[in-house]
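Colleague: Make the full structure from the sequences, and use the hints.
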Amino acid sequence: MHHSHHTVSTTSAAQAAVPPQRRAHRVAGAVATLLLAASGALALHTSPSRAEQLAAPAIAMPAPVVSGLPDFTQLVERVGPSVVNIRTTARVPMRGLRGGLPGMDEDMMEFFRQFGLPVPGMPPQRRGPRGGEPESRTVPNGVGSGFIISGDGYILTNHHVVEGSEDVIVTLTDQREFKAKVIGSDERTDVALIKIEAHNLPTVRIGNVEQLKVGEWVMAIGSPFGLENSVTAGIVSAKQRDTGSYLPFIQTDVAVNPGNSGGPLLNMRGEVVGINSQIYSRSGGFMGISFAIPIDEAMQVSEQLKGSGRVVRGRIGVRIGPVSAEVAESLGLERRNAGALVSAVEPDSPAASAGLQAGDIITHFNGKAIDSVSDLPRLVGSTAPGSQSTLQIFRHGKTQQLAITVGETPASANEAGSPRSGGASQQEQAKANAFGLAAQDLSEAEKKNLGVRGGVRISAVSGAAAQAGIEVGDVVLAIGQTEVLNRQDFDAALRKADAKRPISVLIRRDDWAQYVLIRPQG
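In this text, residue positions in the sequence shown follow the working numbering: the first is 28, and each later residue adds one.
Since the hints were made in silico from the structure, they are not lab data.
A couple of the hints might just be wrong.
Below, simulated DSS-like cross-link-like pairs (lysine-lysine); rule was C-alpha separation at most 25 Å, straight line [claimed, not checked]: (1) 425 with 474; (2) 395 with 206; (3) 240 with 266; (4) 222 with 206; (5) 333 with 208; (6) 240 with 395.
If you're wondering where the values come from, they're calculated on a predicted model, not measured in any experiment.
Modeller: As structure tokens, this is what we get:
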């Protein structure tokens with residue numbers, strides 16, 4: 028039997044038909060439907076003997092009972108009161124609004140305005156400084172959910188739920204309403220912390236994300252309409268899912284609609300393991316893929332928001348890229364598709380002070396392995412500025428340890444590009460070797476401008492190098508595991524390389540460094 032997802036909802040059908048609100052940086056969700064496959068039993072009988080026919084009729088074997096399906100009712104009863112509805116309002120200019128009764132055109136609206144009459148269908152509004160047309164109007168801005176993490180009124184939700192709002196109204200399941208204060212909001216993780224003035228509130232229990240397993244049942248609960256809980260269920264599809272954002276998400280097949288965004292994702296023990304954040308959709312409807320922010324990351328963010336109202340992140344000042352399996356193999360790295368390739372080091376940054384160089388591969392930060400390139404920003408970002416940390420790097424075939432003092436706040440480097448150049452004689456030189464490369468020494472000015480102690484500039488490419496994407500003007504910093512400081516190093520490395528096997532060439536192009544794999548021809 029296959030279950031796509033399981034929906035349990037205490038909302039009415041009319042409520043479930045409320046159209047979703049869409050934002051530029053998130054996609055809309057759709058309420059999932061309940062799909063159950065029926066099962067039965069097939070009994071196999073042989074022809075009975077005459078004696079058996081005269082005996083008492085056989086009792087039919089009962090159909091097998093389907094087991095293993097969880098009962099969510101107790102979880103909803105226990106956790107439901109801790110889940111809240113969040114409504115927000117925003118103030119917008121009146122000239123940007125169209126109001127009044129349905130079918131009322133702009134000319135009729137202007138008639139009411141000219142004579143100072145209230146417009147039907149629009150509440151009285153604040154007048155401008157000279158008593159004229161109202162300057163702005165408060166309108167509904169969004170709806171979402173949240174959950175109470177402390178009895179004195181602290182509530183976690185999504186950043187996009189409260190973003191740009193003037194007022195935040197929280198409704199509890201007992202129908203009490205509170206005007207909430209936004210303690211802090213972090214766009215990068217999509218986590219917000221708000222507070223209401225109340226006491227002895229029911230709270231959720233925080234779970235352990237590390238213990239969460241792929242295939243485990245989970246439940247999303249929200250309060251999109253402010254009265255009763257809306258519940259959907261499914262399984263964990265993947266953990267540490269990289270969607271290109273700052274955090275690795277928990278991927279599930281739980282249906283999440285816009286009103287449930289910001290609500291908790293729960294395991295079968297009733298513990299919160301994530302905050303429902305977004306869905307993947309090409310059509311605006313639910314496609315069986317939704318994402319939740321891991322609760323351990325969210326709680327770290329909330330602690331900072333509670334303390335200072337903002338999130339302070341560490342930085343080391345590097346630009347990084349992934350390490351492909353082919354490059355890792357050519358360099359002799361044991362782990363494939365792991366680590367972060369340093370493509371550029373910002374001047375006067377913590378990384379520069381620590382001696383990090385473009386082309387280094389960072390394999391560990393503070394003893395923690397970099398399994399994916401996205402791991403490094405998260406590990407560094409969660410480290411307090413000023414902390415003494417360690418980097419394990421792979422450089423020219425050797426593993427090194429670097430000490431680094433973590434800085435604060437990301438910064439961008441602006442470095443000038445390098446001109447492209449070449450010549451006919453250089454082109455002939457490039458054709459003379461199996462890799463299709465020719466180069467010349469860097470001037471002292473070029474070294475200073477690039478911030479490197481050595482290297483050669485590619486003066487001509489052909490054959491294998493051209494197919495690999497190397498261009499005239501690229502700066503070669505290493506070939507394989509050999510550092511290239513000058514033309515002599517460059518020529519020696521090419522002679523030493525096996526002309527029948529691919530080699531990795533570390534190049535610098537503008538302000539980026541990357542490994543390029545060249546497969547020799549012929």
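Colleague: Evaluate each hint against the coordinates.
Modeller: Now the hints, each set against the structure:
In summary, the hint linking residue 425 to residue 474 is supported, as the alpha carbons are separated by about 24 Å, within the 25 Å threshold. A distance of roughly 43 Å separates the Cα atoms of residue 395 and residue 206; the hinted pair therefore is violated under the 25 Å criterion. Between residue 240 and residue 266 the alpha-carbon distance is near 8 Å, which keeps this suggested pair within the 25 Å criterion. A C-alpha spacing of about 9 Å is found between residue 222 and residue 206, which places the hinted pair at or below 25 Å, so the restraint holds.
At most 25 Å may separate the alpha-carbon atoms for a hinted pair to count; residue 333 and residue 208 meet this at roughly 12 Å. Restraint check for residue 240 and residue 395: the C-alpha separation of about 21 Å stays at or below 25 Å, so the hint holds.
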